[in-house]
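Undergrad: Residue-level listing of the chains:
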Amino acid sequence: MDSRLRSFPDVLLSVENISLSFGGVNALTDISFDIAKGEVRAIIGPNGAGKSSMLNCINGFYHPQHGAITYKGVRRNQMKPHEAAEQGIARTFQNIALFRGMSTLDNIMTGRNLRMKTGLLWQALHIGPARREEIEHRKAVERIIEFLEIQHIRKAPVGTLPYGLQKRVELGRALAAEPELLLLDEPMAGMNIEEKQDMCRFILDVNDEFGTTICLIEHDMSVVMDISDRVVVLDYGRKIGDGTPDEIKKNEAVITAYLGVGH
Amino acid sequence: MLYREAGQFKTDYAADQQIFPILQDRIFVFGVIAAAFAIVPAIASEYLYTEILIPFLILSLAAIGLNILVGYCGQVSLGTGGFMAVGAYAAYNLWLRVPEANNLVVVFLFGGLMAAAVGILFGLPSLRIKGFYLAVATLASQFFLDWLFARVKWLTNYTPSGSVAVGDLHVFGWRIDGPADRYLLILGMVVVATIVAKNLVRGHIGRSWMAIRDMDIAAEIIGFRPLRTKLLAFAVSSFFIGVAGAMWGFLRLGSWEPLAFDINRSFQILFMVIIGGLGSLVGSFMGAAFIVLTPVLLNQLPGWLGVNMSTAMISHLEFMVFGAMIVFFLIVEPHGLARLWAVAKEKLRLWPFPH
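Quick mapping for you: the protein sequence lines, in order, are chains A and B.
With the first letter of the first sequence counted as 1, position 241 gets the number 241 in the numbering used here; the numbers rise by one all the way through.
With the first letter of the second sequence counted as 1, position 303 gets the number 303 in the numbering used here; the numbers rise by one all the way through.
Keep in mind that a hint or two might mislead.
[Stated by the list, open to error] Only pairs whose alpha carbons sit at most 30 Å apart, straight line, appear in this in silico BS3-like list of lysine-lysine: (1) B/Lys-198 <-> B/Lys-130; (2) A/Lys-117 <-> B/Lys-347; (3) B/Lys-10 <-> A/Lys-155; (4) B/Lys-130 <-> A/Lys-139; (5) A/Lys-196 <-> A/Lys-249; (6) A/Lys-139 <-> B/Lys-345; (7) B/Lys-130 <-> A/Lys-80; (8) B/Lys-345 <-> A/Lys-155; (9) A/Lys-155 <-> A/Lys-117; (10) B/Lys-345 <-> B/Lys-10; (11) B/Lys-347 <-> A/Lys-155; (12) B/Lys-198 <-> A/Lys-155; (13) B/Lys-198 <-> A/Lys-117; (14) B/Lys-345 <-> A/Lys-117; (15) B/Lys-198 <-> A/Lys-139.
[As the list claims (entries may be wrong)] Facing chain B, according to a computed beta carbon distance under 8 Å, are these residues of chain A, among others: (16) Ala-85; (17) Gln-87; (18) Met-116.
It should be emphasised that the hints constitute simulated quantities derived from the structure, not laboratory data.
All C-beta atoms in this analysis are idealised placements derived from N, C-alpha and C, irrespective of residue type, glycine included.
Make a model of the complete structure from these sequences and hints.
TA: Printed below as a string of structure tokens:
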């Protein structure tokens with residue numbers, strides 16, 4: 001499959017001159033790029049390039065020292081992770097961050113927490129609004145379970161599931177929030193070829209069917225070149241390339257960073 | 001064969017989300033509750049009431065409260081005794097100073113609410129500290145509350161040594177007199193409290209607690225507010241513990257002093273939660289039963305075996321055997337009695353055909 005040539009007129013999120021350092025270590029230096037509404041945007045780069053730090057800045061977990069992030073037209077320097085969640089940014093993690101003591105169903109239900117509003121007293125009685133709300137959200141969660149083909153592990157504690165399925169449950173938890181922007185941190189790390197194909201299919205389906213904008217970090221170049229619309233390349237915290245997969249493949253700086261240069 | 005869910009198909013989510021989705025479980029639990037209300041009062045002796053059933057039920061309620069905090073929300077607390085004391089003395093002061101409120105349900109709820117307020121206050125450090133450090137901070141609350149009820153005389157109505165007594169108790173015109181009345185009142189309140197606790201932990205509030213327990217950073221990133229969630233757990237937990245404390249004072253002891261709610265009480269409830277099973281309501285009951293019944297059994301055992309022993313010897317042996325059992329238990333089944341129960345149920349589902 002060649003890269004999908006589509007056009008995206010509206011910018012959903014733009015990053016301007018972001019710099020982030022921890023003590024004397026510069027994790028990100030003067031990075032700017034944008035994510036268009038509806039696209040699949042990939043961030044690639046060698047280990048330690050600052051990819052995860054970039055995602056952490058976008059969803060408010062890290063606060064960059066310089067620069068600003070404009071999301072849905074609102075410019076901001078800082079926000080808290082739960083505020084990012086309230087504004088429609090969901091994410092998965094490089095190391096699976098599921099709630100291990102809870103079932104698959106409960107894990108995905110937590111993704112809908114921002115939409116569940118009934119108060120303590122209704123919850124204590126579990127009647128009326130509390131009961132209706134629980135069933136209504138259960139229906140939405142069941143649609144996600146069906147979409148991700150994980151019906152058979154619905155009631156299983158996630159701690160007991162194999163790695164590939166845990167990744168899928170984590171994607172389900174992020175999808176349950178019905179995000180506008182979905183951040184995926186290495187969704188295919190450590191997977192075998194079939195699991196990777198399944199995951200690619202889910203990512204493309206989410207993008208096509210729900211129109212969710214996706215920003216993903218991935219090391220598997222064939223995957224990145226196949227499924228993403230545009231790619232940004234980081235190396236040592238600096239941006240060294242930005243463009244469609246075909247442009248990136250021909251970019252000298254990127255080739256140097258990945259393959260090294262002869263001395 | 002006893003325990004078969006074959007043929008019980010769920011056709012809607014409401015049926016799937018029941019507390020007991022399996023028919024046999026429902027029959028069993030309703031049977032136990034009916035027997036507790038109807039059959040026990042017909043056969044129980046005063047000893048059974050005051051030394052076994054009443055302590056078991058009240059301490060179960062306290063264990064449920066602590067389990068919400070430690071087992072569901074993952075915040076370790078050693079201040080249970082102090083929160084029980086707040087419940088007991090707040091209830092006492094309302095009962096003493098507002099004669100119109102001589103209704104135990106109102107008095108106990110007030111005790112619970114005051115304990116919840118104090119719980120929120122001592123839960124504030126939980127935003128910044130976790131684990132052992134939080135345990136030490138709640139331990140400080142225990143000592144502070146012990147000091148408070150020993151030194152602030154108004155709270156104990158200026159009685160020497162803070163010893164207070166209650167009598168002439170009513171609930172909606174029903175005079176609570178004698179162990180059977182006290183047992184029925186406690187049983188009713190514990191059943192209601194257990195249903196409330198179950199409803200809370202199976203809904204979105206319970207999921208927010210468990211999310212914070214399992215991975216607080218991920219919980220925050222998907223939108224839970226850590227401080228609000230933790231403080232709610234402290235409040236609900238302390239509410240149950242406060243009600244249990246008020247019951248312990250009013251219905252178990254009748255007259256008490258601050259020593260009844262000292263640090264030993266905190267450890268006793270924590271043992272119940274750990275032995276019964278963290279994050280399990282049925283485990284709270286099992287842990288309470290274990291802690292209440294084991295000393296009674298150990299006490300009776302030499303007599304049954306026909307061994308002649310001095311009472312001092314028996315009480316020393318009791319401590320040793322009890323301590324050894326707790327250690328043995330934690331090694332063999334760290335997830336508590338509730339896990340054993342779940343495994344047994346799983347085995348019974350398949351028995352006698354293992355495949």
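Undergrad: Is it true that the CA of A/Lys-139 sits at most 30 Å from the CA of B/Lys-345?
TA: With Cα atoms ~29 Å apart, A/Lys-139 and B/Lys-345 stay inside 30 Å; holds.
Undergrad: CA of B/Lys-198 to CA of A/Lys-155, is that 30 Å or under?
TA: holds (18 Å)
Undergrad: Take the C-alpha atoms of B/Lys-345 and A/Lys-155, compute the straight-line distance between them, and say whether it is at most 30 Å.
TA: At roughly 16 Å apart (the allowed maximum being 30 Å), A/Lys-155 and B/Lys-345 satisfy the hint.
Undergrad: Under the criterion that the straight-line Cα-Cα distance not exceed 30 Å, is the pair B/Lys-198, A/Lys-139 satisfied?
TA: holds (22 Å)
Undergrad: With the threshold set at 30 Å, check whether the alpha-carbon distance from B/Lys-130 to A/Lys-139 stays at or below it.
TA: violated (36 Å)
Undergrad: Under 8 Å, Cβ to Cβ, is where A/Gln-87 needs to be relative to chain B, so tell me if that hint holds or is violated.
TA: violated (10 Å)
Undergrad: Need the status of pair B/Lys-10, A/Lys-155: alpha-carbon distance at most 30 Å?
TA: holds (14 Å)
Undergrad: Does the alpha-carbon distance linking B/Lys-130 and A/Lys-80 stay inside the 30 Å limit?
TA: holds (21 Å)
Undergrad: Just to be careful, I want the Cα atoms of B/Lys-347 and A/Lys-155 compared with a cutoff of 30 Å; is the pair within it?
TA: holds (18 Å)
Undergrad: Compare the distance between the alpha carbons of A/Lys-196 and A/Lys-249 with 30 Å, and conclude whether the hinted pair is satisfied.
TA: holds (22 Å)
Undergrad: B/Lys-345 and A/Lys-117: Cα distance at most 30 Å?
TA: Not OK: B/Lys-345 and A/Lys-117 at ~35 Å, beyond 30 Å, violated.
Undergrad: With a cut-off of 30 Å on the C-alpha distance, tell me whether B/Lys-345 and B/Lys-10 pass.
TA: OK: B/Lys-345 and B/Lys-10 at ~20 Å, within 30 Å.
Checked against the numbered hints above, the structure violates hints 2, 4, 14 and 17; every other hint is satisfied.
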